[in-house]
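A.B. asks: If you read the protein sequences in the order shown, they are chains A and B.
Just so you know, the working numbering puts the end of the first sequence at 238, numbered straight through with nothing missing.
Just so you know, the working numbering puts the end of the second sequence at 1186, numbered straight through with nothing missing.
A portion of the hints provided could be inaccurate.
[As the list claims (entries may be wrong)] Per the computed footprint, the stretches of chain B lying under chain A, defined by three or more beta-carbons under 8 Å from a beta-carbon of chain A, are:
| id | stretch |
| --- | --- |
| 1 | 1039-1048 |
| 2 | 1063-1076 |
| 3 | 1137-1144 |
| 4 | 1157-1167 |
| 5 | 1170-1176 |
Hints listed in this document are in silico derivations from the structure and should not be mistaken for laboratory results.
Model, not experiment: these values are computed from the prediction.
Using N, Cα and C, we set each Cβ at its ideal position, and we do this for glycine too.
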Amino acid sequence: MTQRMTCHEYDALLAGDLEGELSPEERRSADAHLLECGRCAALRAELLQIAAAARELPLISPSRDLWDGIAARIEAPVIALGPTTERGIGRRQRLWVVAAAAALVVATAGTTYVITKATVEANQSQVARAESGATRRIDDSAGTTLVTNSQTSPADAAFDREVVQLRALLEQRRPDLDSATVALLERNLQIIDQAIAESRAALAKDPGSALLNRQLHNALGKRVQVLRTAALLPVGTN
Amino acid sequence: MAAVAITEGQAGLSTQPQDDVARAAAGDRRAFERLYRVHADRIFSLCTRMCGDRTMAEELTQDVFVRVWEKLALFRGDSAFGTWLHRLAVNVILNARKGEGRRRSRIDESVEDLEVLPHSPDHVGERMDLQAAIAGLPPGARRVFVLHDVQGYRHEDIADLLGMTSGGSKAQLHRARMLLREALTR
Chain A
1 MTQRMTCHEY
11 DALLAGDLEG
21 ELSPEERRSA
31 DAHLLECGRC
41 AALRAELLQI
51 AAAARELPLI
61 SPSRDLWDGI
71 AARIEAPVIA
81 LGPTTERGIG
91 RRQRLWVVAA
101 AAALVVATAG
111 TTYVITKATV
121 EANQSQVARA
131 ESGATRRIDD
141 SAGTTLVTNS
151 QTSPADAAFD
161 REVVQLRALL
171 EQRRPDLDSA
181 TVALLERNLQ
191 IIDQAIAESR
201 AALAKDPGSA
211 LLNRQLHNAL
221 GKRVQVLRTA
231 ALLPVGTN
Chain B
1001 MAAVAITEGQ
1011 AGLSTQPQDD
1021 VARAAAGDRR
1031 AFERLYRVHA
1041 DRIFSLCTRM
1051 CGDRTMAEEL
1061 TQDVFVRVWE
1071 KLALFRGDSA
1081 FGTWLHRLAV
1091 NVILNARKGE
1101 GRRRSRIDES
1111 VEDLEVLPHS
1121 PDHVGERMDL
1131 QAAIAGLPPG
1141 ARRVFVLHDV
1151 QGYRHEDIAD
1161 LLGMTSGGSK
1171 AQLHRARMLL
1181 REALTR
């Protein structure tokens, strides 16, 4: 005697049913169940309807003419330099910048790692140094200004130095990068910067808090991590 | 060189599309613009549905046609130009997604595995249309749904494109359909 299929059992077969992958035996059981179960029959019909409607979706037009942007990119001026092609030049230049960025990231990341590791190991129960409200400013070539506590630890200072270098690198590479990605990065950096500022403000009130120190350290590390990622982004969406 | 404006009505009528493919491959930018105008909506639709964002889709559409321009000389005519273009577009979209995914995974927390429902309509009682519901799907489910149910790709091809198993593609498709049903019947 064949046992009747339950809704639970049919649910397990539903995906295969829609794909036409049921065995003959499963097909018979499923059909019998569908004849007597309105819930499963309706579910199956609705899913088939969605698949059918998807095939009939109309085309969508962009809200603006995209051709000008395409034309600008494919009609970039050709610089005649002997037999070298336009694409070859651009590609080599971009690759050089990316390679330089990679070298810088490796160098700065290494320095930061050594300093921060040494600092953390030397002072596991690091006490904040934020008694004084004095700040110092580090200006980089890209116009970025970092405001840090005057008694910044070696670890924090290492992070700050790397941030300055990475921000300069990001500015240099900005024209080659996908604007949406850069915007996303900037938003993330703003959030992290805010977290750093809040951590430092909290530490000023409670310099001995290991938790706040750890939070600040994590936020500084996060900022450097995001900037390293940004500095090594591939050109455009390629 | 300034772009030459060609109306949609003119595009594709003044010359045969195959001629335009050959001319564009030889560097004729007017022919390439005609090809763009013939295929722009189809590629934009694909981009929009795959990434779920019209602004990003516009950028991706431009990326696709720039890539087509760069690769056109390699088009051998073994398949129809439209098929070749479509395949290239899918690759551009997925590569952009991979790059973006790598960046996001190091920047933001991934939302890929969250069991989220497509965003509900703004007004209670207003049924969401399928296009909006697709845009609200989780990225992985959306890509598989669009490739399979909208574009007609087979699970084996989707698995190759997305670096997953065929079973994974089927599971994502079913998940997408169930989420869409829930969104459309709320």
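A.B. asks: Give a verdict on every hint.
C.D. replies: Status of each hint after checking the structure:
| no. | hint | in the structure |
| --- | --- | --- |
| 1 | 1039-1048 | holds (count 6) |
| 2 | 1063-1076 | holds (count 5) |
| 3 | 1137-1144 | violated (count 0) |
| 4 | 1157-1167 | violated (count 0) |
| 5 | 1170-1176 | holds (count 4) |
In this structure, the earlier hints numbered 3, 4 are contradicted, and the remaining ones agree with it.
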